[in-house]
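K.L.:
Going down the list, the protein sequences come from chains A and B.
Residue numbering for the first sequence follows our numbering, starting at 87 and increasing by one per position.
Residue numbering for the second sequence follows our numbering, starting at 345 and increasing by one per position.
One or more hints might be untrue.
To be verified - From chain B, some residues computed to sit far from chain A (all C-beta separations above 10 angstroms):
hint, residue
1, Leu-415
2, Gly-447
3, Ile-451
4, Gly-453
5, Ser-476
6, Ser-492
7, Ile-542
8, Pro-568
9, Val-591
10, Tyr-599
11, Tyr-694
12, Gly-701
13, Gln-730
14, Gly-756
15, Leu-786
Claimed, not checked - With the Cβ distance kept under 10 angstroms, some of the chain B side facing chain A (calculated, not the full set):
hint, residue
16, Ala-404
17, Thr-413
18, Gln-504
19, Thr-524
20, Arg-705
21, Thr-758
22, Glu-764
Quick caveat, the hints were computed from the structure, so don't treat them as lab data.
In this text, a Cβ means the ideal position worked out from N, Cα and C, and glycines have one as well.
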Amino acid sequence: MLRLVRAVPHILIGLLLVAQAAAQQAPPPRDTRTWYQAYADAQQKIQQRNYQGALNDLDAATRLGAPRPGKNVLFYGDVYRDYIPDYYRGMALAGLDRYDEAVQAFDRVSQAQLIGTRDSLYRQFTQQVTNAKNMAVKSAEARAAASNAAVRPNTVPPGNAPATSVNPAGVPPASTNTAGVNPANVNPATVNSPNVTPANANPTNPAPVNAGAAPNPPNVAQAAPPVFGVPPTSVVQQGVNTNGAQGNNSIGNAVANAGRQPSNARSANNAAQLPPAARGRFSGEEGPGMFMYFSGDYPAAYAEFIKQRENAPASRRTYFYLAASRAAMILTGQAPRSAMTEVRQALADAESLRQFSADLQLISPRVRQLLENPQ
Amino acid sequence: MTGAQVNVALVVLTALVGAPAGAFAQRSVQVPLEFNFINPGAKSMAMAGAFVAVADDATASFANPAGLTFLAAPEVSIELRGGRTVSPFLAGGRLSGAVTHEGIDTIAGPSFLDSVDKSLGISYASFVYPHSSNRWVIAGYRHELMNSEQSMRYDGAFGQVPGDTASQRDLPLDGTRDLTITGYGAAGAYKVTRDLSIGGALVIYDFDLDAEFKRYFLDDFFAPVNREVTIDELRNYGTQIGSGLSVAPVVGVTYDHGGTRFGAVYRHGASFDFDIESFAIPPKTYAFRVPHTFSAGLSRRLSPQWLVSGEVTYLSYSRLTEEFITSQVLGVEEDFQIHSGTEVHGAVQYAWRRGQGPPIRLRAGAWYDPDHSVKYEPVSPPATPQIAVAREVPEAALSRGSNRVHVSGGIGWTVTPRLEFNAGVDVAERSTQVSTSLIVHLGRTP
Numbered sequence: 087m088l089r090l091v092r093a094v095p096h097i098l099i100g101l102l103l104v105a106q107a108a109a110q111q112a113p114p115p116r117d118t119r120t121w122y123q124a125y126a127d128a129q130q131k132i133q134q135r136n137y138q139g140a141l142n143d144l145d146a147a148t149r150l151g152a153p154r155p156g157k158n159v160l161f162y163g164d165v166y167r168d169y170i171p172d173y174y175r176g177m178a179l180a181g182l183d184r185y186d187e188a189v190q191a192f193d194r195v196s197q198a199q200l201i202g203t204r205d206s207l208y209r210q211f212t213q214q215v216t217n218a219k220n221m222a223v224k225s226a227e228a229r230a231a232a233s234n235a236a237v238r239p240n241t242v243p244p245g246n247a248p249a250t251s252v253n254p255a256g257v258p259p260a261s262t263n264t265a266g267v268n269p270a271n272v273n274p275a276t277v278n279s280p281n282v283t284p285a286n287a288n289p290t291n292p293a294p295v296n297a298g299a300a301p302n303p304p305n306v307a308q309a310a311p312p313v314f315g316v317p318p319t320s321v322v323q324q325g326v327n328t329n330g331a332q333g334n335n336s337i338g339n340a341v342a343n344a345g346r347q348p349s350n351a352r353s354a355n356n357a358a359q360l361p362p363a364a365r366g367r368f369s370g371e372e373g374p375g376m377f378m379y380f381s382g383d384y385p386a387a388y389a390e391f392i393k394q395r396e397n398a399p400a401s402r403r404t405y406f407y408l409a410a411s412r413a414a415m416i417l418t419g420q421a422p423r424s425a426m427t428e429v430r431q432a433l434a435d436a437e438s439l440r441q442f443s444a445d446l447q448l449i450s451p452r453v454r455q456l457l458e459n460p461q
Numbered sequence: 345m346t347g348a349q350v351n352v353a354l355v356v357l358t359a360l361v362g363a364p365a366g367a368f369a370q371r372s373v374q375v376p377l378e379f380n381f382i383n384p385g386a387k388s389m390a391m392a393g394a395f396v397a398v399a400d401d402a403t404a405s406f407a408n409p410a411g412l413t414f415l416a417a418p419e420v421s422i423e424l425r426g427g428r429t430v431s432p433f434l435a436g437g438r439l440s441g442a443v444t445h446e447g448i449d450t451i452a453g454p455s456f457l458d459s460v461d462k463s464l465g466i467s468y469a470s471f472v473y474p475h476s477s478n479r480w481v482i483a484g485y486r487h488e489l490m491n492s493e494q495s496m497r498y499d500g501a502f503g504q505v506p507g508d509t510a511s512q513r514d515l516p517l518d519g520t521r522d523l524t525i526t527g528y529g530a531a532g533a534y535k536v537t538r539d540l541s542i543g544g545a546l547v548i549y550d551f552d553l554d555a556e557f558k559r560y561f562l563d564d565f566f567a568p569v570n571r572e573v574t575i576d577e578l579r580n581y582g583t584q585i586g587s588g589l590s591v592a593p594v595v596g597v598t599y600d601h602g603g604t605r606f607g608a609v610y611r612h613g614a615s616f617d618f619d620i621e622s623f624a625i626p627p628k629t630y631a632f633r634v635p636h637t638f639s640a641g642l643s644r645r646l647s648p649q650w651l652v653s654g655e656v657t658y659l660s661y662s663r664l665t666e667e668f669i670t671s672q673v674l675g676v677e678e679d680f681q682i683h684s685g686t687e688v689h690g691a692v693q694y695a696w697r698r699g700q701g702p703p704i705r706l707r708a709g710a711w712y713d714p715d716h717s718v719k720y721e722p723v724s725p726p727a728t729p730q731i732a733v734a735r736e737v738p739e740a741a742l743s744r745g746s747n748r749v750h751v752s753g754g755i756g757w758t759v760t761p762r763l764e765f766n767a768g769v770d771v772a773e774r775s776t777q778v779s780t781s782l783i784v785h786l787g788r789t790p
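Chain A on its own, in the form it takes in the complex:
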């Protein structure tokens, strides 16, 4: 009897371990929500800035049988609401720095006339559209600059270039003041972009920005990486690769091709695997990580910079991009908020942010904001 009593704790522990193992092996629970519950969850996650989660919920709503978007759609019972998933999709995409896709989503809302001037969301919607278009233009210009830089390997790396130097061949600022773009919100770096002309500065479709672009002079100040924090898929769809004239050796293509690989495969990449054009552009120990960062693969970039840090002494710039990639992961829901501790530590190791002012101009404003106020 005593033996049995003594065995009880062991039996309980055994049962717990079995239960834990069973729980780990159990298939993930099915989504039991209705479409409108998934939609409401998406709205809530946008408020919580969980943009990837919001996108997932919007997709789930569609999968769960949501009706066509419209005004006063029956949700349940006698609850009628405007069902405008593209509006929230646009907000989520903008939150993930996928501005081109965000603009497309917003355009679908506008075309379907789902948010009118009398709607309570109208003001917020127009503001969102304006911001997304501004950022999309800026992103496109960054890609364009990167593409041009890629065909001229002797371009000055961003970390060594004066951030505000003006391209003599650049268009005047007014050229970017296209429909839907609020001039007040246009970044000075954007208006100085060398390739934007009144004909091709279409903020809703940035792909033509590089169409027929002449080779730039080598002193491009915004010799930017190929993608402005935009994941590779958007590059494939809308980026410089749509322009066959850019050639196959552009950094844009290199990024896009890298983007087609699974994330873990890309994480295993190193500098030796960079396309030739990219090798010229992203030289130095930070090069591979920067390439991954600007291709939108923040976890891979983070892993790369961690690897660099382990090969001490790492450069201050490595620490800077380590902080940036970790911050980007937090903002995209790929890292917990508690990871800000790592961001702050990396920033401390990088010392002053001022020395990276040129790099700061190239990264997402939201990431930049987090780096400047790492609370």
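Use these hints to put chain B onto chain A, whose structure you have.
P.N.:
Coordinates of chain B only, in the frame set by chain A:
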């Protein structure tokens, strides 16, 4: 509960309050009593109570708790309900023999008067909280299952045994009865799969019964009743008094397949104690048993505009016979019955789209309400002519129950995204019910 509105004529026994004198007075008259087993909410009323398979607002906490999982945001619901129900009772007349035209013996056949029960008040209030996981929901509510005030005045019917030269007269009787049953429920629902939900509730019912009966002597055989007497001067005086709490469970289920929804709910009837006391019988405690109900239904959304719904509900009214009725007809208990019945409900809703804003919902329905009144069904034929005459009173008094068909209609209007207004009306022979309800959506709204 079921959307049912039931008039049950309850027999009050002379054995309790009556005089044994005369062949007639063995059992006497009925006191009309109204039960209101009605689903809460104006929407449900407008849809003829065919709501067990709809159950998609805060009233689902009562109608079918499993339906609560359809809600995506917290809701508060409150209902103002009013009604007028007319219940006929036997007031006098001559049931056998020739009218003498002496005194009040002037009416051939039974004479009926109406007891009118009017009510108005907050009959339902609830709060529903869906958990953010969208898998479970909790709710609390208050619901008036019954709120009835009835009275009757019976002058004593005349009769005559064939072959006798003299008439007989039943002794006059007055009765009043106030009965309230209020439920306080805690409900919960869980979504097992995307299509299947289960729900349940525990309801604490507060019961209050206060009834009084006065049996009068006759000053003169054909004279009007002298009611200006003290209790001590009565032939008999009886009371039915009861109050207390009782808990009863509710379980429900819903299953969705495409645009079709199945719903079912079982509601256990609570039981309460009450005391009967009179001059003739020592005080004794009996049980008042609320009927159990079982409902099952289907609803189908034919399009975003059209919704049809149907439901059948079985009610075990026979539970009332045991003790509550039999305690009033001691000695002849087997002759009195309330039969259980099955209601059939059907309704349609059309969402009338306007230029702007959510559509206005137009609702209409009808339901079949089987006779739930107390029936006098003697198990053996009368052994003597005197007994046959004595049976004339309960036969006449309990002859007015009948099956009924209710028709209903109403509207639903979204005042603001957070506020809904519903109105409904239910009309049947001798009964009109009107309801308005407000539903307030709180928290996150899709």
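K.L.:
Against this structure, judge whether each hint is valid.
P.N.:
Going through the hints against the structure:
no., hint, in the structure
1, Leu-415, "7 angstroms, violated"
2, Gly-447, "61 angstroms, holds"
3, Ile-451, "53 angstroms, holds"
4, Gly-453, "51 angstroms, holds"
5, Ser-476, "8 angstroms, violated"
6, Ser-492, "31 angstroms, holds"
7, Ile-542, "12 angstroms, holds"
8, Pro-568, "56 angstroms, holds"
9, Val-591, "29 angstroms, holds"
10, Tyr-599, "13 angstroms, holds"
11, Tyr-694, "13 angstroms, holds"
12, Gly-701, "7 angstroms, violated"
13, Gln-730, "62 angstroms, holds"
14, Gly-756, "5 angstroms, violated"
15, Leu-786, "12 angstroms, holds"
16, Ala-404, "9 angstroms, holds"
17, Thr-413, "9 angstroms, holds"
18, Gln-504, "62 angstroms, violated"
19, Thr-524, "30 angstroms, violated"
20, Arg-705, "6 angstroms, holds"
21, Thr-758, "6 angstroms, holds"
22, Glu-764, "5 angstroms, holds"
In terms of the numbered hints stated before, the structure departs from hints 1, 5, 12, 14, 18 and 19, listed from lowest to highest.
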